[in-house]
Every structure is written in structure tokens, then in C-alpha cells.
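Sequences listed follow chains H and F, in order. Letter by letter, the first sequence follows residues 1 to 101 of the working numbering. Letter by letter, the second sequence follows residues 1 to 497 of the working numbering.
No lab work stands behind these hints: they were computed from the structure. Idealized CB from N, CA, C, for every residue including glycine. Incorrect hints may appear among the rest.
Claimed, not checked - Derived coverage of chain H by chain F (criterion: at least 3 residues anywhere in the stretch with Cβ under 8 Å from a Cβ of chain F; other residues may be distant): (1) 19-30; (2) 56-64; (3) 68-75.
Said to hold, decoys possible - Computed Cβ-Cβ distance ranges for the label pairs, DEER-style: (4) H/L89 / F/L61: 27 to 35 Å; (5) F/L484 / H/L89: 24 to 32 Å; (6) H/L3 / F/E51: 37 to 45 Å; (7) H/A81 / F/L38: 49 to 57 Å; (8) F/G62 / H/G74: 20 to 28 Å.
Below, each chain spelled out in residue letters.
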Amino acid sequence: MTLATLYGTLGIVLFALGLYGAIVRRRVLRKLVAVNVMISGVFLTFIAAGSRSPGEPDPVAQAIVLTGIVVTLGGTALGLALVRRIHALDLTSDPLEPLDG
Amino acid sequence: MIWSVVVPLAGGLAALLAPRRAARIAILTSVATLAVALALTRAVALDGALEHRPGGWPPPLGIRLVVDGVGVLFLLLVALVFVAATVYGASFFDPVETDRIDTGREAYDAEASDHAVRKGPRAPEGFWALWLFALASLDGLFLTADLFNMYVAIELLTLASVGLVAITNDRASVTAALRYLLAGMVASLFFLLGISLLYAEYGVLDLEALATAISAATDPASATGVALPLILTGLAVKAALFPFHFWLPPAHGSAFSPVSAVLSGLVVKGPFFVLLRLVTGPFAPVVPEAAGLALGALAVVGILWGSVRALQQPRLKLLIAYSTVAQIGYLFLALGLAISDPAGPAVRGGVVYALAHGCAKASMFLALGAIVRSTGHDRIRRLIAPQRGAPIAVSAFAVAGLAIMGFPPSGGFVGKLLIGEAATGADQWWTLAGLIVGGLLAALYLFRVFRRVFVAVPDDTAPLPRAPLGLEVPALALAVVSLLLGLAAALPLGLVS
Numbered sequence: 001m002t003l004a005t006l007y008g009t010l011g012i013v014l015f016a017l018g019l020y021g022a023i024v025r026r027r028v029l030r031k032l033v034a035v036n037v038m039i040s041g042v043f044l045t046f047i048a049a050g051s052r053s054p055g056e057p058d059p060v061a062q063a064i065v066l067t068g069i070v071v072t073l074g075g076t077a078l079g080l081a082l083v084r085r086i087h088a089l090d091l092t093s094d095p096l097e098p099l100d101g
Numbered sequence: 001m002i003w004s005v006v007v008p009l010a011g012g013l014a015a016l017l018a019p020r021r022a023a024r025i026a027i028l029t030s031v032a033t034l035a036v037a038l039a040l041t042r043a044v045a046l047d048g049a050l051e052h053r054p055g056g057w058p059p060p061l062g063i064r065l066v067v068d069g070v071g072v073l074f075l076l077l078v079a080l081v082f083v084a085a086t087v088y089g090a091s092f093f094d095p096v097e098t099d100r101i102d103t104g105r106e107a108y109d110a111e112a113s114d115h116a117v118r119k120g121p122r123a124p125e126g127f128w129a130l131w132l133f134a135l136a137s138l139d140g141l142f143l144t145a146d147l148f149n150m151y152v153a154i155e156l157l158t159l160a161s162v163g164l165v166a167i168t169n170d171r172a173s174v175t176a177a178l179r180y181l182l183a184g185m186v187a188s189l190f191f192l193l194g195i196s197l198l199y200a201e202y203g204v205l206d207l208e209a210l211a212t213a214i215s216a217a218t219d220p221a222s223a224t225g226v227a228l229p230l231i232l233t234g235l236a237v238k239a240a241l242f243p244f245h246f247w248l249p250p251a252h253g254s255a256f257s258p259v260s261a262v263l264s265g266l267v268v269k270g271p272f273f274v275l276l277r278l279v280t281g282p283f284a285p286v287v288p289e290a291a292g293l294a295l296g297a298l299a300v301v302g303i304l305w306g307s308v309r310a311l312q313q314p315r316l317k318l319l320i321a322y323s324t325v326a327q328i329g330y331l332f333l334a335l336g337l338a339i340s341d342p343a344g345p346a347v348r349g350g351v352v353y354a355l356a357h358g359c360a361k362a363s364m365f366l367a368l369g370a371i372v373r374s375t376g377h378d379r380i381r382r383l384i385a386p387q388r389g390a391p392i393a394v395s396a397f398a399v400a401g402l403a404i405m406g407f408p409p410s411g412g413f414v415g416k417l418l419i420g421e422a423a424t425g426a427d428q429w430w431t432l433a434g435l436i437v438g439g440l441l442a443a444l445y446l447f448r449v450f451r452r453v454f455v456a457v458p459d460d461t462a463p464l465p466r467a468p469l470g471l472e473v474p475a476l477a478l479a480v481v482s483l484l485l486g487l488a489a490a491l492p493l494g495l496v497s
């Protein structure tokens, strides 16, 4: 087993764990964290894909991961902003509670 | 070609910098984008597919932009619907006092979605910038010929759409937006994981290079065996294929009318277009026929489920939203058939259907907004002769309804005919049955609305206030386009083949 295969397999395990959390967990914040675990898994597989050939690591894979981090940051920030907004609109709701309705 | 993205992006920034003139900037920008799309159409019709390399970088360093006949048709659809919806939005948000006499009837129906006050809501801060960013990311998605760039465009599109839903700023819409965001992010990650596996195998992201690599590989089916289902699933969630449609009705049902028009008419077509491009392009040699059958089966169930749910909805806006769930089914029927026969009529049928549905569904949401402005609510049972307040919008709804039902002169009919032809060619009787039953169900749920037009008016009801023309005319314009698409179907069909 090469290091790349190890990283790729770990990435897919992380993706699966995150997916399980995103579906099964009911609280929104946990769902958001689970999505972030998923994306870390995807990044790991990309890094593994970039280091497959011997010698210099592939810059394209690293560039992709960087872009991906920016996109995910935006998505996560938007999700957190929406959670806060729901709480601001309806003060009786607990921002940590599951979504309803 | 790059102007299709640059113009709306620049317009969005300008709208952000000059918020007072934002509505005017948005109208100018959408008209300019339409002009770019028309020029591109002319170029593609004369010379065939075009390619552009921003910065002059060749792949693999550069990212190619490619527009072919299908791409240019989607660019045109997007630009056209955006012009209509932007003009509409400019009157939708401009607070116009109507001379409604308050008769003590409920003036405000808290459950009616569309801000049941008779004057329009104020344009929320940043609305037009988000609006134009959505346009830019849609155009980018239709132009790019690079897998990772597709992911970025589709994710930007989701972020802009989520923002446009949440901007309504009530509990229902923000909750719907959060659900939309979570579903959208998980879906993108499926797509991205698929891309990463492909990259690990072939080391390329450019579609053309990928096509070459796949056809040169010794055992391409096993290498793409995991990546392909991931990509199909991710994009099917984004396109709201049954059973992944759960996020769509609350989001489309709680957004402002012009936003719902763009989301339902255009945004769900983005992932459909990407799928069409992938399965008829680089993946054509490796997509198993079973994938086509599975998509077709889900599509038929989606058509039936969406239609039945539409029949049950008490509110017109949710009826239209569930109708979209059903209509997405037709697109995936075409996609499933295109997998088994990429050169057959299924691709043409799917494209024409997507164009007709884009115009007709946008027109319906716009008409709905005008009707709500006049009546103050969208409860179907309580609509009494809505044509008194919004005659043009009600006609637009009826004309667009013809396309949704697939009635003969409309673009919906031509699309269904071609999909049906492909189904007969592939000996898929169940697809044909789904097509026909779906059409009948669409007629049923739309006639629930149409019959409200003929309800006799009790003498003691107050006259309805008139909806502004700025809301009614764009709805009718799009409905007429969906009808003309059927009468002049040869023009778009010529570009597809």
C-alpha cells in the first residue's frame, strides 16, 4: 500500500463519516460540521491524486484544494449566518435545535 | 464569449456600489447579456461551436470556454428569462400605492407567501447584486469545459440562489434556504469526490482531454465505475430529481416571485445541462445502460409524485413548485434515453423541453406574483375570478399552462413528442406511459386553477385592485415565447444537431 492509496482511502472514509453525520444528525450546527468533515475527505483524495506520480507533487491538485477551501468557507459562513438569522427572526427558537417545518 | 460572464459580474459589482440605481443597472446588464447571447447565437449558427482560452493559456494550465449549439440555446434562455424577470422585479419592488379601498375584508393573509400587502416590498439591500451574480454563475456553468470549473460555477450558483431565497427574510424562507444550502453542499461534494477520483485516474480535468483519455483507456468502465455514480447522484440532487427533490418546494415556495421564476425556470436547468454535456460527451463510452434505466425510472416516479403533490396543494405557489418537481422528471427521462442513444431524438427533445419549461415556469411564477399583488393571497379555493384584477397575468398563466401540459402548438408539446419518439425507439413503453399520464395529471392540477377564472362573482365582493402592468407584461412575454418555441421549433432544433 502506497502513501497515496492510504491518503485516498482515509479521504473516502472521512467523506462517508461526514455524510453519515450530515444525514443522521438533526442539529443544524452538527450538520454543518459534518459537511466540513466530508469536504476534508474530498481534499485528502485530491492531494492523494496529486501525489500519485513519483517526484514533484502535482500543483493542480493543490490549487484545486485551495479553491475548494475558499468555496467551502463561503458556504459554511452562509450557513452559520442563516442559523443566526433564524434565531434573530424567532427568538423563541434555539439556534442549536433541529430544523422544523 | 467571456463577456457572458464578465457583463453580469461587472453589473453585480456596480449594483453593489450604487445601491440606489441598482434596479436600473440590473435591467441594463440583463439586456446587455441578452445582446451578447444573441451575438454568440449568430456566430454559432454560422460557424459552429466556438472555443475561447482566457489569457491565451492552453490546457492543461488554462481553462477552456466552449459554446456549442446546445450551450448557446441555454445562454439565450437564461438571458431572456433574466430580462423579463428583471423588468418585473423593478416594478415588483418599487413601492406602488394601489387605490384599494379597505372593505374590512382580511387585507393581510399571514399565510399567503408573497407579502400580501398590496404595495410591493422594498428591494432588500444587496438583492440586485446577488441577482446578477446568479446570472454570471449560470452563464459560467454553460460555458466552461473544465470539470473543476463546473464545480465552482455550480457552487457559486447555489450560494447565490440560497441568498436570494433567504433575502425574503421570514422564518419560512430562511429555514428553506438553510435546507437548500445543506442539500446543495452535500450534493456538490458528491460531484467533487467524483471529479477527484477521475483526476486520480486520468490526471486531466478538461472535458476534451478527459474524453480522449477515457476512449484510450484499456478498461475505462471499471475506472469510472465509482466516479460516475457519485457525479450522477450529486447533480441529480442539485437538479431536484425525485427522491432528492425535498429541498425544492419550500425554497421555491417561500422566495419572492421573480426569484422563484429564476430558480424554477433556470437554476435547476444548470445541473441538467452539465449532466447532458457529460453523458453525451466524455462519458458516452462508459455510462452503463442501467444508469439510463435507473434515471428514467426515478424520472417517471418523480413525474407522478410531483403531479399528485401539486394536485393536493392548497396554495398556488406550492402547486407551481411541485409542478417543477414533476417537470424535472421529463428532463431526466430525456437524459436516460440519451444515455442509450446519444444521437437519437432524446437529446433534442430534452433541450426543447428545457427551453419551453424554462420560459413557461418562469412565466407562471411571474403571473402568480401579479395575481397575488391584486388579490392579496394565493389560496386556490379563495381565488374568485382573479382575472378581474390581473387579466394579462391570468392569460399568461393559461398560455404557459399549455406548454406545461404539452398541448400541441407549444414548445412543451414538441419536446414531449421527441422524448416520446425516443421512448418508442428504445421500446420503453413505461416511459411513454409516464409521459402521457404526467400530461393528464398536469392538465388536472392546472384546471384546478383555470376553473377559478370562471367562478361567478358574488355581488357583495369588492372589486379587486389592478395589478401593475410592469408585473403582468413580462409574464405574458415569456408565456408567448414558450408558445412560439413550438411553432418555430425548427430554429432551436437546427442548432442542437
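Are any of the numbered hints broken by this structure? If so, which, sorted upward? Violated hints (numbers, rising): 4, 5 and 7; every other hint is consistent with the structure.
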